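Participant: Spelled out, the chains give:
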Amino acid sequence: VSAAVPVFVVVGRVNKGKSSIVATLAERDTVPISDEPGTTREANRYSRDVDGTIVFTLVDTPGFQDAPAALEQIRKLRTDASVSDQAVKAFVDAYRNSREFVEETRLLAPILEGGRILYVVDGTVPYSGDFEAEMEILRWTGRPRMALVNRIGTGDYVDEWKKALGQYFSLVREFDANRAGFDDRIRLLESFRELDEESRTSLDRAIDVLRGEQRHRRRESARAISTLLISALTQRVELELKPGERAEDRHEDALGRLQNLLRDRERHAHEEIFRQYCFTRLKSSELNFAVFKEDLFAEKTWQVLGLTHGQLLVAGALGGAGVGLGIDVAAGGHTFLLASVIGGVVGGTAAFLRSGKKLGSPWKVIKNIIGGSRIVRFGPLGKDKLIWVVLDRALIYARSISKRAHSVQGELTVSGNDPIARGLPADVRTKAGKLFSRISRQSQDVPDDLTSELREWIEQRLEEFERA
Amino acid sequence: MSGLGLADLFDLESLVLKEKGESEEARRSRYRDRGRLLDQGIPPEDAGALLQSLIPRDLSSPTPGTRFEAALGWFHSFLALSGLLCGAVISLGLLHYTGDHPVNVLNVLAALVGVQLVLLLLLVIALIPRNRKRVPGLVQEFLLRGLQRFMTRVMPGSDPHLLKDLVRRLDAHMGLTRWLLVRAAQIFGVSFNLAALAGCLYRIVFSDVAFGWSTTLHFNATTFHGIAEALSSPWAWIFPHEVPSQQMVELTQYSHLEGKYLLRAAGDRSLNPWIVGGWWPFLILSIGTYGLLPRLIVLALSGLRIRRILRETPGRNEEFRRMAEWMKLPVVSTRADSPISSPTAAPEGRSGPDPELPPPGASCDILLDGSLDPGRDFLDRLVQDRFGWTISDVLAPKDLDRIQGTPDRPLLAVFSAWEEPTKGRQRLLRGLPKNRLIVIGLLNPSANGSQDPRLERIRERWKRQLQRDLGDLRLRVESLERRP
Chain A
1 VSAAVPVFVV
11 VGRVNKGKSS
21 IVATLAERDT
31 VPISDEPGTT
41 REANRYSRDV
51 DGTIVFTLVD
61 TPGFQDAPAA
71 LEQIRKLRTD
81 ASVSDQAVKA
91 FVDAYRNSRE
101 FVEETRLLAP
111 ILEGGRILYV
121 VDGTVPYSGD
131 FEAEMEILRW
141 TGRPRMALVN
151 RIGTGDYVDE
161 WKKALGQYFS
171 LVREFDANRA
181 GFDDRIRLLE
191 SFRELDEESR
201 TSLDRAIDVL
211 RGEQRHRRRE
221 SARAISTLLI
231 SALTQRVELE
241 LKPGERAEDR
251 HEDALGRLQN
261 LLRDRERHAH
271 EEIFRQYCFT
281 RLKSSELNFA
291 VFKEDLFAEK
301 TWQVLGLTHG
311 QLLVAGALGG
321 AGVGLGIDVA
331 AGGHTFLLAS
341 VIGGVVGGTA
351 AFLRSGKKLG
361 SPWKVIKNII
371 GGSRIVRFGP
381 LGKDKLIWVV
391 LDRALIYARS
401 ISKRAHSVQG
411 ELTVSGNDPI
421 ARGLPADVRT
431 KAGKLFSRIS
441 RQSQDVPDDL
451 TSELREWIEQ
461 RLEEFERA
Chain B
1001 MSGLGLADLF
1011 DLESLVLKEK
1021 GESEEARRSR
1031 YRDRGRLLDQ
1041 GIPPEDAGAL
1051 LQSLIPRDLS
1061 SPTPGTRFEA
1071 ALGWFHSFLA
1081 LSGLLCGAVI
1091 SLGLLHYTGD
1101 HPVNVLNVLA
1111 ALVGVQLVLL
1121 LLLVIALIPR
1131 NRKRVPGLVQ
1141 EFLLRGLQRF
1151 MTRVMPGSDP
1161 HLLKDLVRRL
1171 DAHMGLTRWL
1181 LVRAAQIFGV
1191 SFNLAALAGC
1201 LYRIVFSDVA
1211 FGWSTTLHFN
1221 ATTFHGIAEA
1231 LSSPWAWIFP
1241 HEVPSQQMVE
1251 LTQYSHLEGK
1261 YLLRAAGDRS
1271 LNPWIVGGWW
1281 PFLILSIGTY
1291 GLLPRLIVLA
1301 LSGLRIRRIL
1311 RETPGRNEEF
1321 RRMAEWMKLP
1331 VVSTRADSPI
1341 SSPTAAPEGR
1351 SGPDPELPPP
1361 GASCDILLDG
1371 SLDPGRDFLD
1381 RLVQDRFGWT
1391 ISDVLAPKDL
1401 DRIQGTPDRP
1411 LLAVFSAWEE
1421 PTKGRQRLLR
1431 GLPKNRLIVI
1441 GLLNPSANGS
1451 QDPRLERIRE
1461 RWKRQLQRDL
1471 GDLRLRVESL
1481 ERRP
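Protein sequence lines correspond, in order, to chains A and B.
The numbers in this note's numbering rise by one with no breaks, and the one at position 242 of the first sequence is 242.
One rule links them: number in this note's numbering = place in the second sequence (from 1) + 1000.
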């Protein structure tokens, strides 16, 4: 790691949210975080890469366990007031392999290797004087340092803390690791630049890239949602009817299949959103269809080798007519297209009889034409109320995820009491309704312009959520 | 922004299908690597150029796209040749004149103009923008099947399902398949009309064709003249003399039964050659105006449309947009530089009942943590209220050597309720006499009446950790909150 790549060593007393800050800034939900003090026993390094090049590194450290005693030892090792950092180094060297001051040596080592200090305190508990030993040790290292006032609970002692921290740190910032959105993270990175000039270039690049990445995530999430909605609006299933069976008899079967397909697609879309925002442990809740009364559209169609019976007939007729036309042309038009007409009739009849052979006897074909179709196409599922529910759920997930800090543990709960779509301005909602209507009239391969229009509509909503 | 070629589009679609099922991270990383290797001359906003750079340009091994485009070229040539052949055969056939009967103008108009007008009308209807049908129409289905079969040859060994997808996806690009079909049809149409014109001119120049018109229908010369005049209106302002005159229409009405022009005497077949041959400019201009010209216009329109589709697709197609974006955007990731150990559960300490508290009225010593300074009066009241004890002495950590091993007097070690049982505090407790009851009193220095749930959890951790690490001491953990 070159000197220009800043290393931020996150230090503080046990259980003050150091790992949470690292998880949030590193956008990594796998950083071990626990309510139990002393979870972090080693100094763990997390590097932010841009195209394989490290732009900054965060070091999660064990918390101070006995700062006053450590300070006392350091004081003893100091020979001259001007070489405080040498005393700290001597302390680390002296206790590196000892069973004493294990945490203190581990947290100080990366600082002495050139790390910048991020000292974390909890602004929701009162300040007390025994924190001064920690701050004093950090000051003695002589490294650039910043204090971060985290908020773990509900109390508010931030002013008290700021006053105390101001005596030891040139920069004091508030940062709620569990509630920090993207803009808060960027603001914090921007304030890191004030620590020293050396890290500025690298951090500028990181900030610039992260901003672009955030836009990309939003766009990709919108794409995942639009793909889901298109699927809900166009997905159909084809079922073959047995002799004597009616389309209505297969309704439940078709409904079940379509619901399973939609559930799968929805889960896939939600997971895609989680992945975009680097959440690896979240799961989405399952869509409950019980509240919807589905009335599927059933489309009867004859199919032989992918062609409807009507298509086969017309195809045969056209083929025959084509041959006949050739004869007409050869005759210089003197046959008055008679050959074309005869060719068409012959071709159509042949196609009809041929399709009959594939399905059984011609009589069976006639019977089926009179009696109904063999293949019934059911769907789509996503119409009326359901599509709005699917949209709402996806938007709620995307909104929650875009604002969720990676330090937050536990499941992501989506409340059904917050219908986003209903809260949108009428013209925005109408536009979505029109898009749904246009898409539902398409086959599964929706034209590019409609797909991108829907994605843009969703992306605009996600952008609004982030700004709100 | 650079547009794509048809071969590029085809190749990119093949690429998308080939990479289907591959992890997105792997794809993104690969695209970014390619993007970084790109010539600096390609502006990042030029999605078309970025996408084109993804296609291998090896002339020795043509891509599926170049093979597709080449095959399409052959297909167009075939259509052009077929059109030329048909146009020539039909026009030569229609204007075939043996001298027995004149060439029926109505016949020529029906075959070369009427049919084309009907076809043109159908084409206009087909091009009216509308929603695509859920089930592909006959023409579309046939076209798709033909394309699919063709692609099986162009891309041997490919999964047929992927090819089917590829064919289907082509039309999603703003109806590309439809426009390719329109263009192909116009190539045939233009060739046909050119050949028809050439055939007609050949007959006119190299033989003396006599024209007439005859029909079984009640169709008088005035009506037919009206129709001919209406048909001539597009060129009437440029070539006013090439509009059939009323006199020519009347004079060239022909009867097959009589074997003569109606206004001529029986057996008298001679008529002014300027009259019987006078229909030819009208016929040539009709074929040119209603056959060739619309085909040329539609051919140009379809060509422009296809170019527009190819130009706009990189920006409109979601998959292509992503590919271009992946090439431009740096990949951001976080990596742990060493294996991260998962939090391990602390081993359980000894479990057993807490030692009994002395009864009210007992006296105790206080060991006050350095961070706290509640004042003696406050402590007196607190200890009296909480335990009913009196305070004998208040000591600081630095006074450890003053603490006596008086077994009957509890030692109340007061710490901030917000602090964890750190090693420093444990070290302090370890220095206390083992024969004394030590009560850890956790005091919230800023108690404002509200109980923070975290305090309960911290107290539990004190209990657990001290039982585990200082099991040899007589310890008990208590909250120093005032009881309600």
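Hints were generated in silico from the structure; no laboratory data involved.
Among the clues, some could well be false.
To be verified - Selected chain B positions facing chain A (Cβ under 7 Å, derived; list incomplete): (1) M1174; (2) T1177; (3) E1420.
What the hints assert, rightly or not - A short list of chain A residues far from chain B (calculated; beta carbon distances all over 10 Å): (4) R275; (5) V346; (6) S402; (7) K431.
Every value quoted in this text rests on a predicted model; they were computed, and no experiment measured them.
Glycine is no exception: its CB is placed at the ideal position from the N, C-alpha and C atoms.
Participant: Each of the hints needs a verdict: does it hold here or not?
Facilitator: Do the hints match the structure? See the list:
no.: 1; hint: M1174; verdict: 6 Å, holds
no.: 2; hint: T1177; verdict: 11 Å, violated
no.: 3; hint: E1420; verdict: 4 Å, holds
no.: 4; hint: R275; verdict: 8 Å, violated
no.: 5; hint: V346; verdict: 18 Å, holds
no.: 6; hint: S402; verdict: 16 Å, holds
no.: 7; hint: K431; verdict: 17 Å, holds
In this structure, the earlier hints numbered 2 and 4 are contradicted, and the remaining ones agree with it.
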